[in-house]
Amino acid sequence: MRKLVLGIALSLAATAAWADGVHNKWRVEVSGNAESDGSIVLLLAPVEGEPLRVQADVAQGLGENDVARSLRAALQAQAGRRYNVEIDDGEDVLVKKKPAERDFVITVAGNSVRGVRIEIDAE
Numbered sequence: 001m002r003k004l005v006l007g008i009a010l011s012l013a014a015t016a017a018w019a020d021g022v023h024n025k026w027r028v029e030v031s032g033n034a035e036s037d038g039s040i041v042l043l044l045a046p047v048e049g050e051p052l053r054v055q056a057d058v059a060q061g062l063g064e065n066d067v068a069r070s071l072r073a074a075l076q077a078q079a080g081r082r083y084n085v086e087i088d089d090g091e092d093v094l095v096k097k098k099p100a101e102r103d104f105v106i107t108v109a110g111n112s113v114r115g116v117r118i119e120i121d122a123e
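Heads up, the sequence shown is in this note's numbering, so the first residue is 1 and it goes up one at a time.
In short, the hints are calculated from the structure, not lab data.
If you're wondering where the values come from, they're calculated on a predicted model, not measured in any experiment.
No residue lacks a Cβ here, since even glycine has one placed at the ideal position from N, Cα and C.
There could be a bad hint or two in this list.
DEER-style ranges, computed between Cβ atoms [what the hints assert, rightly or not]:
#1 Arg-114 with Gly-90: 18 to 28 Å
#2 Glu-48 with Ala-122: 11 to 21 Å
#3 Glu-48 with Lys-96: 10 to 20 Å
Produce the complete structure using the sequences and hints provided.
Structural data, given as structure tokens:
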């Protein structure tokens, strides 16, 4: 039952994101310091196919640059076969589809890290 509810929630998040359109490159902007341990969950939803859920665990006390590095590491480990991931400006993570992949949408599916804000913009 829990997996069904999670699947429905992820699908709804991806559907809501289509309003912004799909793109080949996204900027994930991190701001604020981690005031608690927690996790940030991103959903990468291609035009066709199953969304990819990426979870980054974040430790209390990390600054925004370190939180961005944690996000980059999680994205590389869990989505690196399909997307190129890099840090930009210290606190931003750029995610770009690889040549054989489809345009996609990124949404924040969850953020339990107090003090950290995530904003996502198309590039």
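Each hint, compared with the structure:
no.	hint	result
1	Arg-114 with Gly-90: 18 to 28 Å	holds (21 Å)
2	Glu-48 with Ala-122: 11 to 21 Å	holds (19 Å)
3	Glu-48 with Lys-96: 10 to 20 Å	holds (18 Å)
Taken one by one, the earlier hints all hold for this structure without exception.
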